[in-house]
Amino acid sequence: MSHRQLSASLSSFRADVTSPESFGIPDQAIRPIGTLHLTLGVMSFPKNEGLEEAVALLKTIIPRQILADIAAPPPTKQAAEVGGLPGPLPPPPLLVTLKSLHTMQSAAKASVLYAPPVDNGILTKFCEELRSAFQKAGLMMEDNRPLLLHATILNTIYVKGKNASRGGKGKSREKLTIDARQILDRYEDYLWMEDVPIEKIAICKMGAKKQENGDEAYEVEAEIGMV
Numbered sequence: 001m002s003h004r005q006l007s008a009s010l011s012s013f014r015a016d017v018t019s020p021e022s023f024g025i026p027d028q029a030i031r032p033i034g035t036l037h038l039t040l041g042v043m044s045f046p047k048n049e050g051l052e053e054a055v056a057l058l059k060t061i062i063p064r065q066i067l068a069d070i071a072a073p074p075p076t077k078q079a080a081e082v083g084g085l086p087g088p089l090p091p092p093p094l095l096v097t098l099k100s101l102h103t104m105q106s107a108a109k110a111s112v113l114y115a116p117p118v119d120n121g122i123l124t125k126f127c128e129e130l131r132s133a134f135q136k137a138g139l140m141m142e143d144n145r146p147l148l149l150h151a152t153i154l155n156t157i158y159v160k161g162k163n164a165s166r167g168g169k170g171k172s173r174e175k176l177t178i179d180a181r182q183i184l185d186r187y188e189d190y191l192w193m194e195d196v197p198i199e200k201i202a203i204c205k206m207g208a209k210k211q212e213n214g215d216e217a218y219e220v221e222a223e224i225g226m227v
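Number 216 in the numbering used here belongs to position 216 of the sequence shown; there are no gaps in the numbering.
Note that these hints are calculated values from the structure, not bench results.
Even glycine gets a Cβ: it sits at the ideal position worked out from N, Cα and C.
Some hints here could point you the wrong way.
[Unchecked claim] Pairwise CB distance ranges, derived in the manner of DEER restraints:
hint	residue 1	residue 2	range
1	G24	E128	33 to 43 Å
2	N48	S100	13 to 23 Å
3	T18	I61	16 to 26 Å
4	Y190	G121	20 to 30 Å
5	P20	P146	30 to 40 Å
6	A107	N48	12 to 22 Å
7	S19	S100	28 to 38 Å
[Said to hold, decoys possible] Within a straight-line C-alpha distance of at most 25 Å, the following computed SDA-like cross-link-like pairs (lysine to any residue) qualify:
hint	residue 1	residue 2
8	K160	E221
9	K205	E221
10	K136	D185
11	K205	E128
12	K210	L6
13	K200	V55
14	K160	K200
15	K59	L147
16	K136	M226
17	K99	D185
18	K125	A107
19	K200	E221
20	K125	I203
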């Protein structure tokens, strides 16, 4: 979801929260712009078994048709009986606005902060349809929890060094946590990006890779466009 508006917002956030005069968050905890995405689910392919099937399924998906089915009102009896009417208009592009900052844990002991999308219901329904297709094919891990769409902004798991964890070699490592209460208050109404069109759906390898420009990004196994 790289976009100039998002990049500027993330840079401003990084400068603020990592400043010693502000919150002093380790810079490594802030996720690079190239890693920001909306996760639909996790797939596991030991020795790449099943990957080809997942790629093949992805290529059969027609995003515009899914959107049209979601947006179209159910046909009335009168409309169903009358033929020769013009077809429905194509669905508008799927736009994403990221606003605010949340955590999945206690705000006083947080390790992950994320920006949720502003959603009128269409984005979630669209993503649920995509996830369902892969789950029904046995390619994606089943998860009975409601789909929580989010773009991870901060994750302390990426912080290296003596303050990153407790416990030595061979011991259970305790994840670094931060008191994020004031950060969440400050960024409660923060607009990360507004009305940015989703351009593609991708199957990516876990673990972002360093890029030549210094950014990080996930390696794409396969992708399709939205149109």
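A quick look at each hint next to the structure:
1. G24 <-> E128: 33 to 43 Å: 39 Å, holds
2. N48 <-> S100: 13 to 23 Å: 38 Å, violated
3. T18 <-> I61: 16 to 26 Å: With Cβ atoms ~39 Å apart, the hint is violated.
4. Y190 <-> G121: 20 to 30 Å: 23 Å, holds
5. P20 <-> P146: 30 to 40 Å: 39 Å, holds
6. A107 <-> N48: 12 to 22 Å: 40 Å, violated
7. S19 <-> S100: 28 to 38 Å: Given range 28 to 38 Å: violated, Cβ gap about 21 Å.
8. K160 <-> E221: With a Cα-Cα distance of about 28 Å, the restraint between K160 and E221 is violated, given a limit of 25 Å.
9. K205 <-> E221: 7 Å, holds
10. K136 <-> D185: Judged against 25 Å, a Cα distance of about 40 Å means the pair is violated.
11. K205 <-> E128: Roughly 21 Å between the alpha carbons, so the hint for K205 and E128 holds.
12. K210 <-> L6: 19 Å, holds
13. K200 <-> V55: With a Cα-Cα distance of about 14 Å, the restraint between K200 and V55 holds, given a limit of 25 Å.
14. K160 <-> K200: Violated, because 32 Å separates the two Cα atoms, which is more than 25 Å.
15. K59 <-> L147: Roughly 23 Å between the alpha carbons, so the hint for K59 and L147 holds.
16. K136 <-> M226: 22 Å, holds
17. K99 <-> D185: 13 Å, holds
18. K125 <-> A107: 28 Å, violated
19. K200 <-> E221: Given pair K200, E221 holds - Cα atoms ~13 Å apart, limit 25 Å.
20. K125 <-> I203: 19 Å, holds
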